[in-house]
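Novice: Sequence:
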Amino acid sequence: MSTYINTEIKPFNATAYHNGKFVQVSDADLKGKWSVVFFYPADFTFVCPTELGDLADNYAEFKKLGVEIYSVSTDTHFTHKAWHDTSDTIQKIQYPMIGDPTGAITRNFGVMIEEAGLADRGTFVIDPQGIIQIVEINAGGIGRDALELLRKVKAAQYVASHPGEVCPAKWQEGDATLAPSLDLVGKI
0 MSTYINTEIK PFNATAYHNG KFVQVSDADL KGKWSVVFFY PADFTFVCPT ELGDLADNYA
60 EFKKLGVEIY SVSTDTHFTH KAWHDTSDTI QKIQYPMIGD PTGAITRNFG VMIEEAGLAD
120 RGTFVIDPQG IIQIVEINAG GIGRDALELL RKVKAAQYVA SHPGEVCPAK WQEGDATLAP
180 SLDLVGKI
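With numbering that gives the first Met the number 0 as the guide, the letters of the sequence shown map in order to residues 0 to 187.
Treat each hint with caution, since some may be false.
What the hints assert, rightly or not - No more than 27 Å apart at the CA atoms, straight line, and that leaves these computed lysine-lysine pairs for DSS-like:
1) K9 to K32
2) K80 to K30
3) K62 to K169
4) K153 to K63
5) K32 to K169
6) K151 to K30
7) K186 to K151
8) K169 to K63
9) K32 to K91
10) K9 to K80
11) K151 to K62
12) K153 to K91
13) K91 to K63
14) K153 to K62
15) K186 to K153
16) K91 to K62
17) K80 to K153
18) K30 to K62
19) K186 to K169
20) K20 to K30
21) K62 to K80
22) K9 to K151
23) K186 to K91
24) K32 to K153
25) K30 to K63
26) K20 to K32
27) K62 to K9
28) K80 to K91
29) K186 to K32
30) K62 to K20
31) K30 to K186
32) K63 to K20
33) K91 to K151
34) K153 to K169
35) K32 to K62
36) K20 to K91
Treat the hints as calculated values from the structure; they're not laboratory data.
From just these sequences and the hints, can you work out the full model?
Specialist: Here it is as structure tokens:
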């Protein structure tokens with residue numbers, strides 16, 4: 000898999016279930032703000048609702064940072080609505096749930112499991128210019144953590160707004176950063 004870091008997202012158009020309505024979403028909607036595109040294998044499964052519920056529980060924190068979340072699976076927007084209507088966990092979701100039944104978006108981001116027709120657990124953080132800044136792909140049985148994703152988004156936003164600084168491991172908002180230079184080589 001070639002790297003997607005620092006590449007522009009590819010064009011797409013899709014239908015999402017969002018706040019009780021079917022809405023159109025395209026790559027243009029991701030530009031102009033920070034976005035998280037959160038791929039998962041399928042509705043009505045096991046690990047997926049725990050991840051989407053965790054994102055829903057932390058959605059307000061992402062919104063405070065100006066970040067929109069888009070969940071994507073190869074299910075249809077109709078299936079997303081049915082899942083939303085029948086699951087207490089999924090009913091908490093306020094972010095758009097994109098249907099990708101053709102797999103076009105999933106393939107654009109390189110997370111299609113071709114033999115299954117499902118998405119890997121792929122997370123992409125996209126800056127306001129539409130450039131991918133973070134990529135994380137987990138095996139199907141390994142759920143993701145919204146608070147860790149939130150930490151990474153804060154780090155990406157910090158680095159974007161503070162040229163010449165980088166965030167070390169376990170960096171939290173307010174912690175010291177590093178300014179890479181010859182003076183630091185071999186001293187960390």
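Novice: Tell me, in ascending order, the numbers of any earlier hints that this structure violates.
Specialist: 17, 23, 29 and 31
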